[in-house]
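Participant: Here are the chains, one letter per residue:
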Amino acid sequence: MRASFRERLGRFGLLGPAVAYVASVAVMPVVFTLWLSLRKQMPIFGISQFVGLQNYLFLMRDARFRGAVGHTGYFVLVAVTLELTLGLAIALLLHQKFPGRGLARALVLIPWAVPSVVAARFWEWTLNADFGVLNFLLRTRINWLGDPFWAMHAAILADVWKTTPFMVLLLLAGLQVIPEHLYRAARIDGANSWQAFRHITLPLLKPIILLALLFRTMDAARVFDLIYVLTGGGPGNQTETLVIYAYNLLYRTLQFGYGSSVAVATFFFIVLLSLAYLRELRRTWQMRE
Amino acid sequence: MQNALILRRLLLFAALGLILSFVLAPFAWQVITALKPTAQLAELPPLLPAHPTWQNFGTVLGAPGFWRACLNSAIVASLTVFLAFALGVPAAYALAKLRLRGAQLVLATLLCFSMFPAIANVAPLYLLFIRLGIRDSALAVVIAHSVFAIPFAIWTLTSFFKEIPDDLYRAARVDGCSHLGVLRHVVLPLASPGLLSVALLVFIFSWNEFLYALTLTASERSRTLPVAIALFPGLHEIPWGEIAAASVLATVPTILLMLVFQRRIVSGLTTGAVKG
Amino acid sequence: MGSRASLGPRHRAGLVVGSLALAAISLSGCPRRQASQPDQRVTLVFKHAQHPRYAFLTELIQRFEAENPGIRVREEILPASTDEQHQFYVINLAARAADFDVLDMDVIWVPEFARAGWLMELTPGVTEIERAPLFPAALRADWLEEKLYAVPWFVDAGVLYYRKDLLDKHGFLPPQTYPELLETARSVLTAERDPKLTGFIWQGKQYEGLVCSALEFIRGNGGDLLREGGRPALTEPPTLEALHFMSDMVRRYDVTPPLVTTLNEEASRHIFQSGRAIFMRNWPYAWPLLQQPGSRVAGRIGMTLVPHFPGHTSTPTLGGFHVGVNARSPHKKEALAFVRFLLRYDVQKQILLKVGVLPAHSQVYDDAEVRQKLPQISELLHSLQQVEPRPATPYYMMISHILQPELSAVVAGIRPPKQAMRSAELQIEHLLGLL
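Chains as they are written, first to last, in my numbering: chain R, 1 to 289; chain E, 1 to 276; chain G, 1 to 435.
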């Protein structure tokens with residue numbers, strides 16, 4: 001019995017600090033935002049009253065909110081898919097042995113290392129239809145950031161460039177953990193590279209892939225700086241995402257109550273997206289045990 | 001046989017070349033922009049400046065508060081990594097190796113709280129820090145950053161720790177190792193690629209984070225590098241050359257870190273440690 | 001085996017000690033706001049946006065400190081992005097923090113902050129005499145219910161830049177009306193036959209600058225955003241006509257490039273500076289940059305009033321920043337003294353000559369030294385005398401939030417002006433009804 005108690009104490013000692021820390025710092029802002037979302041709070045006009053779920057009811061009728069959901073969903077879908085595909089391909093490549101591998105690995109990390117506050121402005125500069133270097137190299141005058149169609153895709157391009165290294169790093173670390181002897185055994189059995197990839201690499205990499213997808217999806221759904229700098233949510237609000245809409249409501253128009261409800265809605269949107277990954281991840285871990 | 005090998009090699013390098021150009025071209029363009037004289041920033045052609053100048057780099061390096069901002073960023077990022085590991089490693093270990101009821105729930109809840117959009121969190125956190133009297137300090141920024149870093153570290157490290165075969169873990173426990181001992185002698189060495197990757201990612205995240213760093217700092221004393229760069233523009237004017245130079249300089253330390261640590265990330269499980 | 005562990009116990013201990021030390025360093029010197037320093041001096045905190053030549057602002061502040069030995073002024077700088085400044089002020093003022101005494105505000109925030117009760121009343125502290133030389137259009141935003149809550153310390157007005165060399169070459173005078181501008185641009189474009197040259201660029205990105213540009217078209221046709229009484233006037237014929245013209249410039253006449261929907265101040269400045277535009281609407285800040293050695297258009301440009309439509313007058317949009325005092329400041333008397341210092345003639349003159357922004361004190365523009373050093377100042381004075389502020393209502397930020405996407409939709413050709421403005425009007429009326 002005593003050992004069991006010590007065991008349990010040991011476990012609390014291992015988990016406790018992390019949980020306590022996150023709980024004490026992160027819970028308060030979330031609870032505060034939830035509380036605000038149930039109110040009509042406009043300090044400019046001295047309005048501060050409890051309105052229950054009225055904000056959320058209005059959200060459902062708000063065309064601008066629906067647009068934001070659509071734009072965010074599209075961005076997440078396309079960007080994350082591209083980042084995973086590209087990231088996996090690059091990670092597999094960098095997993096091979098070749099001279100200069102170390103340097104290549106370090107260089108691939110550069111986009112992730114550039115401060116995002118600069119990267120967004122830099123892409124705004126590069127994608128300018130008149131003096132941007134992209135149009136100069138392509139010998140065209142595509143209005144990347146000002147055309148309703150191109151604007152979202154230009155933002156996706158910038159995001160893919162910036163965050164693929166994150167995927168690469170995680171996937172590369174995951175590839176390192178796969179034991180060499182499995183591949184050797186497969187080759188002895190006569191399997192080719194593609195079969196080795198499908199039956200050894202992918203299954204063993206699955207947890208890391210799911211994890212990388214999870215974090216990237218969470219981040220992509222919360223995209224703000226990049227699009228805000230590139231297009232301001234335009235043209236004609238065609239690239240306004242959920243967080244941009246929430247930001248405008250909170251800090252431009254000082255509608256703290258309604259803005260908070262958009263933030264909470266964004267949170268639930270992310271939770272929904274993540275649930276699929278989480279469930280699959282749990283299944284994979286359970287299968288291993 | 002030889003030809004197939006050479007072909008493979010060629011394909012490899014071609015693919016590598018393509019990837020590296022995609023990754024590096026924008027950065028190279030930033031470097032070129034940083035070397036262009038101010039009056040010709042938006043001129044295309046020429047792609048390369050006829051008279052490249054170091055002036056932008058000079059202005060940035062000589063800007064008051066730049067070096068202090070670099071130091072602050074380094075402190076904040078290092079402390080964030082330390083905190084993420086100090087709290088995250090034991091927690092990930094517990095979640096990965098010990099059969100804990102409700103472990104998944106704990107994990108998921110931690111994750112939930114870090115998923116909340118930062119723009120909604122920043123105001124209440126800021127007000128809390130004012131009441132605590134730590135506004136305008138690196139500590140406030142570290143606390144804010146680690147709220148995101150810790151769940152990320154726990155989740156990722158849990159996954160890496162789970163890769164370590166249970167036999168090893170059980171063998172060490174049978175030998176009488178305490179949890180800390182198992183951590184030290186079995187888990188950490190074997191998971192070092194994952195550890196270093198997580199450390200690097202957390203460091204870079206903290207080094208580059210902007211929103212919290214901007215809101216929670218007010219003066220040169222605690223200002224971090226991204227905020228210092230955001231202060232370059234004037235009312236309407238945006239000194240592109242200087243911003244490009246600053247961004248190049250801000251990227252270099254993290255690349256150096258990666259160069260130093262990537263060798264460690266390479267090595268995987270030692271042969272002989274796992275049998276079957 | 002143990003040597004490969006990355007966190008050995010000794011390393012751990014060292015890290016703990018080291019980081020505690022670092023944390024201690026970063027914690028130390030934390031600013032606790034006290035009523036007065038041990039040496040009995042009052043410290044004012046002046047929160048303001050970044051300026052390129054802020055070293056000169058610091059000089060002026062030192063002069064204030066020399067003249068007022070009991071007061072020290074500490075500057076805290078915010079990024080130039082007005083969004084970030086607004087966010088900072090909102091968080092602090094809504095929380096009733098007293099972290100700063102004097103604040104530097106964009107003109108469009110003043111009615112909002114005043115209505116929220118966040119600003120200290122400046123009358124009668126700032127006297128009638130001190131206010132008289134300030135541009136009346138700028139002061140209009142500072143009054144709420146007969147009380148003054150802020151004063152302008154520098155102003156801004158939209159101007160039209162033109163390529164003097166191109167106009168001279170083809171025998172045109174700088175246009176005064178938009179139809180004239182259109183004609184001139186089309187003729188020059190046809191004659192020059194340069195595929196890279198465009199006619200007229202302005203700020204068309206979806207942000208506040210778009211409202212500034214659009215207002216010059218709208219008001220130049222006798223229209224406006226709001227009528228007396230605060231009701232929206234967006235669907236009235238003069239407004240719709242002006243918006244149709246804006247859209248036609250892009251789509252029908254090919255005088256404005258479609259990429260105008262991506263342009264902010266700097267992007268348009270760069271295009272003009274590379275010689276690829278005949279006309280540009282921008283703020284006066286661009287003039288010294290366009291004239292700097294190395295610029296393709298140095299010595300070949302002119303500046304004039306923004307155009308208008310026939311039968312109406314030129315109405316540049318007012319910009320600029322105002323100073324106010326935090327209503328929760330513990331040093332109201334000293335803050336007021338600092339505000340009045342900033343309005344002084346000699347200080348305003350230095351703000352123009354050294355810091356390089358347009359002062360709010362109108363008499364500075366007649367100063368002999370100023371006229372000698374900055375010959376284009378008379379043109380700027382002309383603009384400042386005709387300038388109109390954006391609607392000085394506490395609802396302005398909300399209106400702008402609704403209007404920006406709709407204006408952007410018009411410029412990008414996504415929606416016709418009538419539909420866009422109808423939608424904006426509905427949203428504004430809904431908002432006003434909610435309040």
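To be clear, the hints were calculated from the coordinates, so they are not data collected in a lab. Heads up, a few of these hints could be off.
What the hints assert, rightly or not - One-sided excerpt, in silico: chain R residues whose CB lies under 10 Å from chain E:
(1) 148
(2) 150
(3) 177
(4) 203
(5) 207
(6) 250
(7) 256
Even for Gly, the Cβ is constructed at its ideal location relative to N, Cα and C.
Participant: Would you mind marking each hint as holding or not holding in the structure?
Facilitator: Do the hints match the structure? See the list:
no.: 1; hint: 148; result: 24 Å, violated
no.: 2; hint: 150; result: 18 Å, violated
no.: 3; hint: 177; result: 5 Å, holds
no.: 4; hint: 203; result: 13 Å, violated
no.: 5; hint: 207; result: 5 Å, holds
no.: 6; hint: 250; result: 7 Å, holds
no.: 7; hint: 256; result: 9 Å, holds
When held up to the earlier numbered hints, the structure conflicts with 1, 2 and 4 and fits the remainder.
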